[in-house]
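*Asks:* Sequence:
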Amino acid sequence: VAVHSEADANAMHVRLADEAVCIGPARSTDSYLNKAAIISAALISGADAIHPGFGFLSENTKFAELCEKCNIIFIGPDSKVISRLGNKSEARNTMANAGVPIIPGSREAIYDAAKGKEVAREIGYPVIVKAALGGGGKGMRVAYDPEEFEQAFNAAKKESEAAFDDGTMYIEHFVENPRHIEFQILADKFGNVIHLGERDCSIQRNHQKMIEESPSVILSDELRKKMGDTAVRAAKAAKYENAGTIEFLLDKDKFYFMEMNTRIQVEHPVTETVTGIDLIKEQIKIADGQPLSYKQKDIKINGHAIECRINAENPLLNFRPSPGVITDLYLPGGNGVRIDSAVYNGYEVTPYYDSMLAKLIVHGENREEAIKKMISALGEVIVEGIDTNVDYLYSILNDSVFQSGHFDVNFIENFNKKK
Numbered sequence: 068v069a070v071h072s073e074a075d076a077n078a079m080h081v082r083l084a085d086e087a088v089c090i091g092p093a094r095s096t097d098s099y100l101n102k103a104a105i106i107s108a109a110l111i112s113g114a115d116a117i118h119p120g121f122g123f124l125s126e127n128t129k130f131a132e133l134c135e136k137c138n139i140i141f142i143g144p145d146s147k148v149i150s151r152l153g154n155k156s157e158a159r160n161t162m163a164n165a166g167v168p169i170i171p172g173s174r175e176a177i178y179d180a181a182k183g184k185e186v187a188r189e190i191g192y193p194v195i196v197k198a199a200l201g202g203g204g205k206g207m208r209v210a211y212d213p214e215e216f217e218q219a220f221n222a223a224k225k226e227s228e229a230a231f232d233d234g235t236m237y238i239e240h241f242v243e244n245p246r247h248i249e250f251q252i253l254a255d256k257f258g259n260v261i262h263l264g265e266r267d268c269s270i271q272r273n274h275q276k277m278i279e280e281s282p283s284v285i286l287s288d289e290l291r292k293k294m295g296d297t298a299v300r301a302a303k304a305a306k307y308e309n310a311g312t313i314e315f316l317l318d319k320d321k322f323y324f325m326e327m328n329t330r331i332q333v334e335h336p337v338t339e340t341v342t343g344i345d346l347i348k349e350q351i352k353i354a355d356g357q358p359l360s361y362k363q364k365d366i367k368i369n370g371h372a373i374e375c376r377i378n379a380e381n382p383l384l385n386f387r388p389s390p391g392v393i394t395d396l397y398l399p400g401g402n403g404v405r406i407d408s409a410v411y412n413g414y415e416v417t418p419y420y421d422s423m424l425a426k427l428i429v430h431g432e433n434r435e436e437a438i439k440k441m442i443s444a445l446g447e448v449i450v451e452g453i454d455t456n457v458d459y460l461y462s463i464l465n466d467s468v469f470q471s472g473h474f475d476v477n478f479i480e481n482f483n484k485k486k
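Numbering (this note's numbering), first residue to last: 68 to 486.
Since the hints were made in silico from the structure, they are not lab data.
The structure displayed is predicted, hence computed values, not measured ones.
Straight line, CA to CA, 35 Å or less: simulated DSBU-like cross-link-like pairs of lysine-lysine:
#1 LYS147 with LYS362
#2 LYS225 with LYS129
#3 LYS303 with LYS136
#4 LYS136 with LYS205
#5 LYS293 with LYS256
#6 LYS147 with LYS184
#7 LYS293 with LYS348
#8 LYS321 with LYS147
#9 LYS321 with LYS367
#10 LYS319 with LYS439
#11 LYS439 with LYS484
#12 LYS319 with LYS225
#13 LYS256 with LYS129
#14 LYS147 with LYS306
#15 LYS205 with LYS321
#16 LYS147 with LYS426
#17 LYS319 with LYS484
#18 LYS321 with LYS439
#19 LYS293 with LYS426
#20 LYS321 with LYS182
#21 LYS306 with LYS225
#22 LYS256 with LYS348
#23 LYS205 with LYS439
#24 LYS362 with LYS293
#25 LYS225 with LYS182
#26 LYS321 with LYS292
#27 LYS225 with LYS205
#28 LYS362 with LYS306
What follows is a set of in silico ranges between Cβ atoms, one per label pair, in the way DEER data are often shown:
#29 GLU436 with LEU110: 41 to 51 Å
#30 TYR211 with ALA409: 36 to 46 Å
#31 GLN470 with LEU383: 18 to 28 Å
#32 GLN470 with PRO390: 31 to 41 Å
Built from N, CA and C at the ideal position, the CB exists for glycine as well.
Using the sequences and the accompanying hints, generate a full structural model.
*Replies:* Dropping the structure here:
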């Protein structure tokens, strides 16, 4: 059963579903964030479980609680775990108590700029303000001094309220030149927890990931094991269940817990490609009360995978969103090439939601082969009628710094300066 807003009446998932229920107008607060409407859709259709997807209510404690009260299975962790880990401030405290290294930051939720400024002074500038219930780069701002702080805090808070219906913030010291490394976790209801290796998500703009890959070229086997063991220990300490992601900032050979996403990630196909494990299938089985299908010793990393996010945006105009009708479309395929997308020829890209059109994933025997395959695949993509970032991604894949593997989260900023 698919739910959709009025704006998504012709979306691919609506067309393919056995049954579809409209849950409100285009505005996300009136539809995809409308808890009562989504619960009602489950009840009238007879669905006994809800998969919350990547965003919107996927890390919302109140929605998970509502599912539990209505005897509907929430395909994810229970509401108490989401509260503890989905709330970034609570997650930091949980990890600190478990002995997981964390970045210096606020121990309590911050609700106003004045209190935030006091905490920032104690932590030391630069600081980053983050939405406690955020994700996807929304509700985040960096401040380098007290003069910048109030504007950064208020902007992040306003964005968080609009995107997540919550203005709770937290603050941490800003590590300036790290790698962004995350570990995929699976945990069942019987205390079994495993990790499925890492994803390097350092190619990002304004904290929005653009390109992800696995494994990371920067990790030694020793560091990979240490970070993986830490991720498992963190999930066990939180009594975590279902799929989740432990995100770290890597500063040379030191790593720090950044946050935990209590949901499936947009970049999960990268992990699926190198492990051969269907993460969504595992999510559903865990929610159904089944034990994990795999033990840690069963997890083998095969080759190298890269994912590019193809967005409806114009990089030449500061990545301005480009809604409109797709008048011609061709997406590549073939051995080692995967497309996750819901767009089609004649599809109207609306201005209401995230601009991502498709995820292009490739698999090679090693990183060099994967890069060549991605360059080839991007060269085959045709999207007419709207602007996309395909040419921009193509330029990144051909960049010598990217190909060397020696970059950090500031790659895009430095890349843009060269163009």
